[in-house]
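Novice: Spelled out from the first residue to the last, the chains are:
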Amino acid sequence: MTHGIFESGADEPVDSEELPENSRLIPAIEFRDVELAFDDQVILNGVSFSVHRGQTRIVLGPSGTGKSTIINLILGLIKPDAGQVLLNGEDISDFDDQDLMRIRKKIGMVFQEGALFDSLSVYDNVAYRLHEARLPEDEIEHEVTRMLRFVNLEDAIDKMPSELSGGMRRRVGIARALIGDPNIVLFDEPTAGLDPPTARTICELAVKLRDIEDVSSIFVTHEMNNVEFISSEYALIDPHGEVDFEPAGNTFCLTNTCVMMLRDGEIIFEGREDELMALDDPYIRRFIRGR
Amino acid sequence: MNLFTQFIYDLQAITLLFWRAVKGLRKRPRYLAEMIMQMDQIGVGSFAIITLTGFFTGGVIILQSYATLEYYGAQSNAGQGVATALIRELGPVLAALMVAGRVGSAISAELGSMVVSQQIDAMRALGTSPVRKLVTPRLIALIITLPLLTIMADLFGIIGGGVVARSLHGLDMNIYISSVRSGAKLADLVGGLIKPLAFGLIIGLISCHRGLSTKGGTVGVGISTTQAVVTSSISVIIADFFLSKLLQSLFGTTLF
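As you go down the protein sequences, you meet chains A and B in turn.
Just so we're aligned, residue 1 is where the first sequence starts under my numbering, counting upward by one.
Just so we're aligned, residue 292 is where the second sequence starts under my numbering, counting upward by one.
Please keep in mind that the hints were generated in silico from the structure rather than gathered at the bench.
Only a predicted model underlies this, so the values are computations on that prediction, with no experimental measurement involved.
Accuracy of the hints is not assured; some may be wrong.
In silico PhoX-like pairs for lysine-lysine, Cα to Cα no more than 20 Å straight-line [what the hints assert, rightly or not]:
hint, chain 1, residue 1, chain 2, residue 2
1, A, K105, B, K424
2, B, K318, A, K105
3, B, K476, B, K536
4, A, K106, A, K79
5, B, K476, B, K318
6, B, K314, B, K476
Pulled out of the complex, with its shape left as it was, chain A reads as follows (with noise of 0.2 Å):
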């Protein structure tokens, strides 16, 4: 990945492994035909789609249409019973535990509501991954709070999160999971119950890495504002050095964001924010106006 806004200290990322050279051609995840089902209960039904390295796919849905599922299938926390996931050309369909773990530490994951571990500090949280690879703790300190930074909590440092707003909680859940430096990260309804202002703090930093850190990602979320500020707006560095945000406007179109609709565990709607808007569709009608 490239080192926009992450560069300041000029360091090598910690996961030194490169991705190939023609990775731009390889998506960054792809599902083929995914088929899923506990019991007799369909969660995801013939499902493919890719995404590529810079791309941001949003997935749109009500609750229970297999959002989640398509992020527990790309950490290899459940198996598909047919079709394949792909990541980054490898099919981990049938990986065994230690190959996960391999995979998923090339992966940052921010969840709903932060799932920071309670009992360590902030600092501890987000240098999590690295003290699990033993590295030296000068190099840890630099990295952590070069991500802090990112997420603008570096005064939090040392806070546990029960002193953290659910806000903050999530900046902290994002900075972790950026730690590392993924190539793909997932965001699971990273806005829930946040108010206006924070949530666009979040989408934000999910432009912030799409347009300036070349990270792919899915971002789950039910929320059409999230959607908006997503595909309309992009990140930028201005001569300052500073990360600006502009609205795409009628001047070019953002080909790096894709929505994606489902329904009962199938894909209904593909392309862009103002197709879907454009949708007669009563369903997604429906879906958009919130009743």
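Go by the hints and put chain B onto chain A.
Specialist: Only chain B this time, still in chain A's reference frame:
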């Protein structure tokens, strides 16, 4: 799912958990610091309740049996009775039951809370095996500390018996100590230490399994915790019977 199917399912899950925990021992990182912290919490943290339980159990044995011993003129064997009862049975079982109540519930509640707040999922997502990080250190800590706690329960039980025999019945302390020494056989001591090893494993596996299979939010944590304590306690008592029988066969004695 009926009770029998549930039992078979749980047995399979616990066996798999045990196998994965053992396999985890071979791989790095080994979480030594976590293991030591668990030993401190389980061992040092349970010291007070174990010694109190042992002390008063030894005392009550003398309180209840002294009149009978006196009737048969066998007061000088009071120490032997306390030592034998504590070292063979009461020490290991009472220590295990106290640890199941105090530590088993804590393990199950902690792991259960981590499941419902997605911390276990986060751990997996960060490339760490929860079994290696959470289960293996707790199992090892229990297997190491429970025999040590049992020794303390035995020791304080014998002291408690001695205090009651001396203060309430005026038994000479030298007679009591001599009787304890003649009552404590090597086979008793070995058997009394093998049992807590097995009990530690049982409590650890059941509590971790219940915690990790928690479902349904905070209510689920409560249910898992109750199930962990009840199942561990019953399993300890059942296992005690079979272990006693096994030890009898191994040592060729009917003393266990």
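Novice: I'd like to know which numbered hints this structure contradicts. Please list them from smallest to largest.
Specialist: 5, 6
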